[in-house]
Amino acid sequence: MKITALLVLKCHPIPDGSDPVILANATDVSHFGYFQRVTVRQFIVFVGRTVAKRTPPDQRHSVQHEEYKVHSYNRNGLCVVGFMDDHYPVRSAFSVLNQVLDEYQKKHGDSWKGIQADKADQWPYLNDALSRFQDPAQADKLLKIQRELDETKIILHKTIDSVLERGEKLDSLVEKSSDLSAASQMFYKQAKKSNQCCTIL
Amino acid sequence: MNLKSAQGSSYRDRTQEFSSIAERLRKSLNGTPVANNGGIRVIGGGGSSKANGPRSKAAFQTEFNKRASKIGYGIHHTSQKLAKLAKLAKRTSVFDDPTVEIQELTTVIKQDITALNAAVVDLQLVCNSQNESENISSDTTTHSTTVVDNLKNRLMGATKEFKEVLTMRTENLKVHENRRQLFSANTSKEPANPFAKQRPLVKKSTSNASTSPPPWVSNASNSSPLFPRTDGESQPLLQQQQSQQQQQMVPLQDSYMQSRAEALHNVESTIHELGGIFTQLATMVSQQGELAIRIDENMEDTLANVEGAQGQLMRYLNGISSNRWLMIKIFFVLIVFLMIFLFFVA
Numbered sequence: 001m002k003i004t005a006l007l008v009l010k011c012h013p014i015p016d017g018s019d020p021v022i023l024a025n026a027t028d029v030s031h032f033g034y035f036q037r038v039t040v041r042q043f044i045v046f047v048g049r050t051v052a053k054r055t056p057p058d059q060r061h062s063v064q065h066e067e068y069k070v071h072s073y074n075r076n077g078l079c080v081v082g083f084m085d086d087h088y089p090v091r092s093a094f095s096v097l098n099q100v101l102d103e104y105q106k107k108h109g110d111s112w113k114g115i116q117a118d119k120a121d122q123w124p125y126l127n128d129a130l131s132r133f134q135d136p137a138q139a140d141k142l143l144k145i146q147r148e149l150d151e152t153k154i155i156l157h158k159t160i161d162s163v164l165e166r167g168e169k170l171d172s173l174v175e176k177s178s179d180l181s182a183a184s185q186m187f188y189k190q191a192k193k194s195n196q197c198c199t200i201l
Numbered sequence: 001m002n003l004k005s006a007q008g009s010s011y012r013d014r015t016q017e018f019s020s021i022a023e024r025l026r027k028s029l030n031g032t033p034v035a036n037n038g039g040i041r042v043i044g045g046g047g048s049s050k051a052n053g054p055r056s057k058a059a060f061q062t063e064f065n066k067r068a069s070k071i072g073y074g075i076h077h078t079s080q081k082l083a084k085l086a087k088l089a090k091r092t093s094v095f096d097d098p099t100v101e102i103q104e105l106t107t108v109i110k111q112d113i114t115a116l117n118a119a120v121v122d123l124q125l126v127c128n129s130q131n132e133s134e135n136i137s138s139d140t141t142t143h144s145t146t147v148v149d150n151l152k153n154r155l156m157g158a159t160k161e162f163k164e165v166l167t168m169r170t171e172n173l174k175v176h177e178n179r180r181q182l183f184s185a186n187t188s189k190e191p192a193n194p195f196a197k198q199r200p201l202v203k204k205s206t207s208n209a210s211t212s213p214p215p216w217v218s219n220a221s222n223s224s225p226l227f228p229r230t231d232g233e234s235q236p237l238l239q240q241q242q243s244q245q246q247q248q249m250v251p252l253q254d255s256y257m258q259s260r261a262e263a264l265h266n267v268e269s270t271i272h273e274l275g276g277i278f279t280q281l282a283t284m285v286s287q288q289g290e291l292a293i294r295i296d297e298n299m300e301d302t303l304a305n306v307e308g309a310q311g312q313l314m315r316y317l318n319g320i321s322s323n324r325w326l327m328i329k330i331f332f333v334l335i336v337f338l339m340i341f342l343f344f345v346a
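So the sequence lines, in the order shown, correspond to chains L and A. Residue numbering for the first sequence follows full-length UniProt numbering, beginning at 1 and increasing consecutively. Residue numbering for the second sequence follows full-length UniProt numbering, beginning at 1 and increasing consecutively.
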């Protein structure tokens, strides 16, 4: 379950032929061979641009590309594209995109609307997000909550098992203590008997 | 009376014959005074203004009665159909749902009811105009108003029944939906998959590129699993992608929302289960607390017994130890007696 790349692009509000402009880019190509990394990066840029171009405004799209899924979310012309593998849950993917989008809008406000050429500088938040959201639970609160709830349920099951054992032990203790009290009663009676009757011996 | 006879069977309108006979009779008994009761007045009205057509009182009355009887007949039919619909709606099961029949029946009944409504409104207008224009006895007016009211009430009753049947049917449908979701919770994820499966169908249907879809998807076996491709090859494939995406727009939004809703449901049910587990835990612990109390009582009992026994034994010990002194004394006395005895004998 990993994210390979996150891209933020500016799309033209009317889906005409103009290519979207890249505003921020973060890729993790470490698992490719050293010589293929550059090509891979270029291809990611290209596919991201094309997918963003085809995404109509205020729509979410997912495209299957070999063993990767490309998710895109276009909101008012600001488009976020993510390259994730098949195991990454789709919902978490979109919540990642949502978060990145919100963060970008918070940081840059509306300044992105004026940008016409690809920005080459890095946006550290995006890199940080890429590394953080490799685990989908980080991005998707629902998933996190579900996971924690499942763990809690397992713990509770174990607790109930141990409580049942405790119950059994308490049962045996009850029996033993009742035996003890019967025996001590017999002991008392015997002592009383041997005290009273025979004065000699 | 006309209504009752008209519901079950058709009736023959012999008013014309009656009026012609009356004419003949009148002509034959020319001087006979015309009695002032409703029937002959009707005849007179009918005979004198027969040429005027249905504007006459008799024809009016029969017209009114005809219409009323038709409406009553229609209402009766509609209520029969309603009963059938109610039976159908009651016996809907999860699997063989006679939806088509029910829909048909519903539409038919709706049309009937609207037509009957219009007819009753018409009838009421006719009745009012009749009351205003002509000078008839109060009995006839009350009779016609009562008839109209009766028909209206029956129609209202039929509409209410119809509404009840419809609500029952929607409730049944909801129950079946719930049951279906309960038993087949996995298939609710199906909406996500058909969109993955629909892509090949969509590709085939919107083939606007020359290259075929499979090489795009299953090219992993041919080329290396990495990205190095030429731009020219990817161009037509991405055109297909555009058409795919357009076809999948709405379903994807829906599936996204649906998956979120489903996740929320899951979370909610998990929390519910957790609550139940906690309750069970609390019950078990309280039961075991009672066990602990019993153990405690038993141990206290034992302690008391053992302490009592210990006291007894201490007393016994004291008794035994003091008894020895006594015994020594007794022996002394015995020895003294023996000495005296020996003295006496020897």
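Simulated from the structure, these hints should not be mistaken for laboratory data. Any given hint might turn out to be false.
What follows is a set of in silico ranges between Cβ atoms, one per label pair, in the way DEER data are often shown [said to hold, decoys possible]:
no.	chain 1	residue 1	chain 2	residue 2	range
1	L	Phe-46	A	Glu-101	44 to 50 Å
2	A	Arg-179	L	Asp-135	25 to 31 Å
3	A	Gln-287	L	Asp-135	22 to 28 Å
4	L	Gln-42	A	Thr-170	53 to 59 Å
5	L	Thr-152	A	Glu-101	35 to 41 Å
6	A	Arg-180	L	Lys-169	45 to 51 Å
For each residue, glycine too, the CB sits at the ideal point set by N, CA and C.
Now for the hints, and whether the structure bears them out:
Between Phe-46(L) and Glu-101(A) the Cβ separation comes to about 57 Å, which falls outside the hinted range of 44 to 50 Å. Checked against the hint of 25 to 31 Å, the C-beta distance between Arg-179(A) and Asp-135(L) comes to roughly 38 Å, which is inconsistent with it. Our hint of 22 to 28 Å for Gln-287(A) and Asp-135(L) is violated, since their Cβ atoms are close to 42 Å apart. A beta carbon spacing of about 57 Å between Gln-42(L) and Thr-170(A) agrees with the range 53 to 59 Å that was offered as a hint.
The supplied range of 35 to 41 Å is broken by Thr-152(L) and Glu-101(A), whose beta-carbon atoms lie about 50 Å from each other. Distance hint check: the CB atoms of Arg-180(A) and Lys-169(L) are about 47 Å apart, consistent with the given range 45 to 51 Å.
Against the hints set out earlier in the document, violations occur for numbers 1, 2, 3 and 5.
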